[in-house]
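Residue numbers (the working numbering), protein chains in the order written: chain D, 68 to 692; chain P, 5 to 749.
Keep in mind the hints are simulated off the structure, nothing from the lab. Treat the hints with care, since some could be wrong.
What the hints assert, rightly or not - Listed below are the simulated BS3-like cross-link pairs for lysine-lysine, each with C-alpha atoms no more than 30 Å apart in a straight line:
hint, chain 1, residue 1, chain 2, residue 2
1, P, K658, P, K674
2, P, K87, D, K490
3, P, K110, D, K518
4, D, K476, P, K674
5, D, K461, D, K120
6, D, K162, P, K83
7, P, K89, D, K162
8, P, K156, D, K581
9, D, K484, P, K89
10, D, K482, P, K83
11, P, K87, D, K484
12, D, K518, P, K674
13, D, K484, P, K658
14, D, K652, P, K387
15, P, K100, D, K518
16, D, K408, D, K300
17, D, K477, P, K89
18, P, K120, P, K100
19, D, K244, D, K280
20, D, K652, P, K369
21, D, K581, P, K177
22, P, K89, D, K581
23, P, K156, P, K59
24, D, K490, P, K100
25, P, K177, P, K369
26, P, K658, D, K482
27, D, K518, P, K120
28, P, K87, D, K477
29, D, K162, P, K177
30, D, K490, P, K177
31, D, K490, P, K83
32, P, K440, D, K490
33, D, K482, P, K110
34, D, K162, P, K87
35, P, K120, D, K581
36, P, K658, D, K581
37, D, K484, P, K100
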Amino acid sequence: MEEQRESSKDGVVSPSIAVAATAAGQPPPSSLSRLPVEDQPSSIPKRRQELLKWNGWGYKDSKFILNKNGHVEFTGERYRLSGHVMPHLREWMSKTVGIDLDQKTPAQPELTAADIPLPNINDAFVEELKRSGISYSDDPTDRLFRAHGHTLHEVFVLREGRFARIPDLVVWPGCHKDVEEVVKLAGKHNVVIIPFGGGTSVTGALECPSHEKRMIISLDTSQMARILWLDEKNLTACCECGIIGQDLERRLTEKGYCTGHEPDSIEFSSLGGWVATRASGMKKNIYGNIEDLVVHIKMVTPRGTLEKSCLVPRISSGPDLHHVIMGSEGTLGVVTEVTIKVRPLPEVCKYGSIVFPNFESGVSCLQEVARQRVAPASIRLMDNEQFQFGHALKPEVGSFLASFVEGLKKLYITKIKGFDLTKISVATLLFEGSKEEVSAREKKVYEIASKFGGIPGGEENGQRGYMLTYVIAYLRDLGFEYFIVAESFETSAPWDRVLDLCRNTKDRIIRECKERGVQFPPYATCRVTQTYDAGACVYFYFGFNYRGVANPVELYEEIERCAREEILASGGSISHHHGIGKIRKQWLQRTVSEPGFGLLQAVKQYLDPQNIFGNGNLMIPDSKL
Amino acid sequence: MDGSGASAVPVNGKARTSSPCPAQSSGELRANSVTSASWINPDQPRDVSTLASYKDSYQDILNERRQDWDFVFMTRTRKDVPKYKHHVPRSPEDIKQHVLNSDRVKYTVERLHGEKKTSKAELLKQAEAILDEMAHALSMKSVRGFAFFLIKVFKQLFQRVYVNEEGVQMLRKMMHEYPVLLMPTHRSYMDFLLLSYVCYHYDLPLPAIAAAMDFKGMKFFGWLLRHCGAFYIRRSFGTDWLYWAVFTEYVQTQLRNGDAPLEFFVEGTRSRTNKSYIPKTGMLAASLESYFKAELPDTMMIPVTISYDRIVEESLYAYELLGIPKPKESTSALLKARSVLSDDYGCVHVFIGDPISIRQFSNGKIDRVLHSLEPRYINSVNKDEMKLINDLAFHIVRQQQRHLVISPWSLMAAILMQNREGIPVRQLVKEADWLKRQAYNLGAYVDWPGDLSTDDIIRRNLLLHKNVLTVSDDDMIELKLVRPGHVNKPIKDDILLNAATNLIVASYRNQVTHLFVRDALVALSVNSCTEETMSMDELFQKYSLLERYLSKDFVFQPGQTKQDFDLAILSLKHSGALVIADNFTHISDIAESKAAPNAAIVQVKKSFNKHTTFYSQMFEPFLLAYWVVCQHLLSIPIDVHGRPLPKRAKDLTKDVQKLAIRLLEENAVKHYEILSLDLINNGILMLMDVGTMYKDKRNNETWLSPNSVAVAAVADELGAYIELPSIPISNFTSSGRSLVMQAKL
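Taking the hints into account, I'd like the entire structure generated from these sequences.
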């Protein structure tokens, strides 16, 4: 999942705002250049199943339910929406995707040990592993929990079926040395390693190749979650790979710093996973994407540990090996330690939003903002379908006054500005920096927006927009209960092709659904989530009601494949930050050319001739059997 | 190959069917038709005929107009006019501004500025001038006025204008979903007037029509058409890159924004011969580039077939084909043409075909990703895409042909062309009935009212075309001479007058040639065979060769030869025309046949019958004309370099025509069609195509000189299929050096 999906354990909605609050009373940086950072337990326990859903997204306590009044409610108290009723959502669901509340598709009951295949144990390996003292488990649920990521296919299997192959053993190394030991043993005994970080992959990257005959171990990095040191002179921090986003940010915040890397999956995804997939964070306009953030990486490969000898800001030493590691998706080795840039906490964080008469003018505005290089920390543009969805997610309005104000706003936009509610599109903004910087930037952005017919839509709407991102992931689980299959996918495209790409892809999706016998109109929506000098990142959500369809997942995948074909034909990329995994392998060679593909295979062949890291992703050929 | 092979069979279709036919008692044709001659009454347009206003999903749209006031129709509100869903409203002036400010035009201006050192301002001025010349100024006001005028004209000219309403409903839906290209057949000026009128009638958006420059010159009419959506493009613009850029952007921006459905004629120009012309791909390529570059989710091409009982320009075309120049398009000429208003032109059928989606058509055949590496305003349609466009253009023409409405008169014309010296009505009735059945069997829609007797139908049609024929007192039908209305100098030459009549009738026969041509190629091959039997392989070889020779006159889809052939064999077999036997006499043969799957052979003798003879005859004039072209080329004196002096194609065409006139004068040949410049020109193009001509570029024109050996070989091949003129053509050596021919004539 993409970008920010922040938790609010401390009762504060956004870590960014929390940061702003604490930043003021921060002591001056200590004179010690490298601060030791004390160990703290990870937010996600070793036994993940105690906190997280076994067959859906996120925390067990947080989910959409239909309450006794027949309205949709979000449970728990982790999120701002928790405990709230969304009175418009039910109608939206039945109107948009034809949900019928009487037609349910409940999931199968939780799998028990009896349902899970016996592990394929390589005794010699386990014998030596035991001697090394590294923690491991062959508990069936531990293994099942690490057998998948969160693609539609995987979650559907959890709800309806069985995986053909799951890891045979879960291993929890505690440090870099442990990893070296495990990799050495795996090589010695010809055992497959699949590295596992936060488990939020949406490319099928964690799935075990079904024909793999060797023992497969899932190398869970969650116990390597320390910040080894923080260097305030050079503004870098050395962290172990298993630290998850929310822990990293929170602990740096305590010291007055942040990395500013906030992918949507920040609650669950790990630093090592970010590196392995070339992740992107929503505030990259200020902090950069993962490739801009890393200073040093240690990766354990079957050939030994791959790293550079210095901690320098830039180096000319032949092709940058970081770029071989980043995006390697666990095919070459395990990332164990990462030195990452940190920044002092910003003084101010402020949300904002702009309402545009239509999506086209919104895209033009974003392009102009990018051209002038005045983008705020984050700027995203929702299309009308997503705006409508956001609207449907509005919780009950408490007071008479609040509903009155709502009504006035709507009146202003439709009657005075003449906007068509079925066309408007909304940009959400997040500004960060010093007070002066933020207000100057705000002024500039709203100025540009007004040239494209955009009018400020208020802070509240901006904040709601960012909330919407993480909510959709939970919502999919509700959809599953009512014949809905849904998924998201992303791409990047040059500016001049963004609009056509969005339009063509949505059209293709709708048309393929129709031609393939989907009985209800599908939900296809997109937004522009990142802007660059030369283009933008576009994110699609697509779901449909599969009542009357024999094989929904296969159909879904077939249509997503068509959508990707359309994206590529429209000048878009194979992926902006999700990666290739298994589901996009078919287009990799076309994307990187034949020599490029051969190069990747040659790297694999040198570093891992035995295919120990045999997760079947990226350039690894599908096993022939 | 023995050239006289064809003459061994009874070549004349009449030979088998004509029996001494007692003269019909009724001498006067008019008296014999169902309704009296007064059924065309311009003063009483309400009660025009007994023809059904609704039939086989066709609905007459003139009927309502005969019941109400034209003025009311003209001023009524148009409801629910469908619009492309991503359309942003803009005026014709906005479109022009967009083109001038487009990346494509800017890029071209930059490029030309660098290459030619012309100032940018000057280039921009040129671009603006091109655009002013090109752009339409579609306005509803003019359209309404024009509709008022059109409805009056149509009511005068036509009895019924039928439209398939299902097609209209489909079109209405499509126009909302995707940009639409309307691609009608082009047989008459009436085509685009009719189609625009149909759009007006059904509250569809009026199309922007790509028109040739000729109209622009007309004072009032040119202006009016421009305001009704016509935009003018030059016939060819070679390497005028600025023109290319302006033109391409002008077309594409309208398509992308769905300003109006785009209408153009894939045949490029009005077909003077009533056959489909070989399609042109320029407009199609310019329109589809947007899809190839993923600027559009899809584009829908709608083949539209407009079938006329009688074409308004029939005699104009005949004289044009003979080389008597057509008058320049002018308003005064148009007014003079008002005389045509007093004539009856029967019915019109407009068939709106199934949409062809470029997405579906191109699926798996092209790789749009290739365009990712360049800005999309740089012209680049690659080889695969050009091939696709070419296939598509042929496919569209074939789709248009599928929905041609075959009028009884076309069938009659096909029979008349084989009985030019006259045929009794009774026999014509019989023959027409036979030919109708063949047409049905080939899947044609024949406009044959079920509630009338064949005799009535034939007589009605004779009446409709009384300008080219007479029915004598003893009920013999004979062609009569047609005097051109537009040529000031009276033409005395009987050959030309005869030719004109023949070309008019031939043009109606041409309306059915697309049905029979594939079967005919098989028939010609079989009829030219001098052996007892013929193997399938040999038959296919001959078929392929003939297809190649005829491919400039008839539309054969590239790469479909085998399928077409198989289908023709099947249809001939099923109608009993082709007798095919498996030559197994012993069990052992069956075993062998596994090795040779094409063991089936044609029994040649048994396959000489009415079908094959009739079909062969129908296409004989074409092959004969090519043969005459060859004879002329072979008679050109050889230059010092061992080759005939090169000539321009158009001069060659004229020279061939002169030879053809001589042959007709000497009564050596009877087919007046060989005088058709179009046919002769196609013969030359064919010879270029099969590689028998040397080509030179001089002053941007192609100069041709024949490779005599190769041309002689083609002439020999052609001679095998047809009955050759019985004039003594002596001493033709294979080197083709003989000059005797010219001396004899």
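The hints, checked one at a time:
Distance restraint check for K658 of chain P and K674 of chain P: the Cα-Cα separation of roughly 19 Å lies within the 30 Å cut-off, and the hinted pair is therefore satisfied. Between K87 of chain P and K490 of chain D the CA atoms are separated by roughly 16 Å; this keeps the pair inside 30 Å, and the hint holds. Straight-line distance between C-alpha atoms of K110 of chain P and K518 of chain D comes to about 24 Å, which keeps the hinted pair within the 30 Å bound. Of the pairs offered as hints, the one joining K476 of chain D and K674 of chain P is violated, with about 86 Å between alpha carbons and a cut-off of 30 Å exceeded.
For the hint linking K461 of chain D to K120 of chain D, the alpha-carbon distance of about 25 Å falls within 30 Å, and the restraint holds. With a CA separation close to 28 Å, the supplied pair K162 of chain D and K83 of chain P stays within the 30 Å bound. For the proposed pair K89 of chain P and K162 of chain D, the alpha carbon gap of about 21 Å is at most 30 Å, so the pair holds. For the proposed pair K156 of chain P and K581 of chain D, the alpha carbon gap of about 44 Å is over 30 Å, so the pair is violated.
Taken as a hint, the K484 of chain D and K89 of chain P pair is honoured in the structure, with Cα atoms around 22 Å apart against an allowance of 30 Å. A C-alpha spacing of about 26 Å is found between K482 of chain D and K83 of chain P, which places the hinted pair at or below 30 Å, so the restraint holds. Pair hint K87 of chain P plus K484 of chain D holds up; C-alpha atoms about 24 Å apart against a cutoff of 30 Å. For the suggested pair K518 of chain D and K674 of chain P, the alpha carbons sit about 76 Å apart, so the restraint of at most 30 Å is broken.
At most 30 Å may separate the alpha-carbon atoms for a hinted pair to count; K484 of chain D and K658 of chain P exceed this at roughly 70 Å. For the given pair, K652 of chain D sits about 28 Å from K387 of chain P by alpha-carbon distance, which is consistent with the 30 Å threshold. Among the hinted pairs, K100 of chain P with K518 of chain D is consistent with the structure: their alpha-carbon atoms are about 23 Å apart, no more than 30 Å. Distance hint between K408 of chain D and K300 of chain D is fulfilled; the C-alpha atoms sit about 11 Å from each other, no more than 30 Å.
Only pairs whose Cα atoms come within 30 Å are accepted, and K477 of chain D paired with K89 of chain P is accepted, the gap being roughly 25 Å. The suggested pairing of K120 of chain P with K100 of chain P holds, with an alpha-carbon distance near 25 Å, which does not exceed 30 Å. Proximity of K244 of chain D to K280 of chain D is assessed by CA-CA distance (about 28 Å); at most 30 Å being required, the pair is judged to hold. Taking the CA atoms of K652 of chain D and K369 of chain P, the gap is about 22 Å. The hint holds against a cut of 30 Å.
Of the supplied pair hints, the one linking K581 of chain D and K177 of chain P holds, its CA atoms being roughly 15 Å apart against a limit of 30 Å. Note on K89 of chain P and K581 of chain D: the hinted pairing holds, with a Cα-Cα distance of about 18 Å set against a maximum of 30 Å. Proposed proximity of K156 of chain P and K59 of chain P is supported: the alpha carbons are some 24 Å apart, at most 30 Å. Restraint check: the Cα-Cα separation between K490 of chain D and K100 of chain P comes to about 27 Å, which is no more than 30 Å; the hinted pair holds.
This hinted pair checks out: K177 of chain P and K369 of chain P have alpha carbons roughly 27 Å apart, not beyond 30 Å. For the hint pairing K658 of chain P with K482 of chain D, the CA-to-CA distance comes to about 72 Å; that exceeds 30 Å, so the pair is violated. Of the pairs offered as hints, the one joining K518 of chain D and K120 of chain P is violated, with about 38 Å between alpha carbons and a cut-off of 30 Å exceeded. Taken as a hint, the K87 of chain P and K477 of chain D pair is honoured in the structure, with Cα atoms around 28 Å apart against an allowance of 30 Å.
With a CA separation close to 23 Å, the supplied pair K162 of chain D and K177 of chain P stays within the 30 Å bound. At roughly 21 Å between alpha-carbon atoms, K490 of chain D and K177 of chain P fall within 30 Å of each other, so this suggested pair holds. Pair hint K490 of chain D plus K83 of chain P holds up; C-alpha atoms about 23 Å apart against a cutoff of 30 Å. For the proposed pair K440 of chain P and K490 of chain D, the alpha carbon gap of about 56 Å is over 30 Å, so the pair is violated.
Taking the CA atoms of K482 of chain D and K110 of chain P, the gap is near 39 Å; set against the 30 Å cutoff, the hint is violated. For the suggested pair K162 of chain D and K87 of chain P, the alpha carbons sit about 25 Å apart, so the restraint of at most 30 Å is met. For the given pair, K120 of chain P sits about 52 Å from K581 of chain D by alpha-carbon distance, which is inconsistent with the 30 Å threshold. Between K658 of chain P and K581 of chain D, the direct Cα distance comes to roughly 58 Å. Violation of the 30 Å bound is thereby established for this hinted pair.
In summary, the hint linking K484 of chain D to K100 of chain P is supported, as the alpha carbons are separated by about 29 Å, within the 30 Å threshold.
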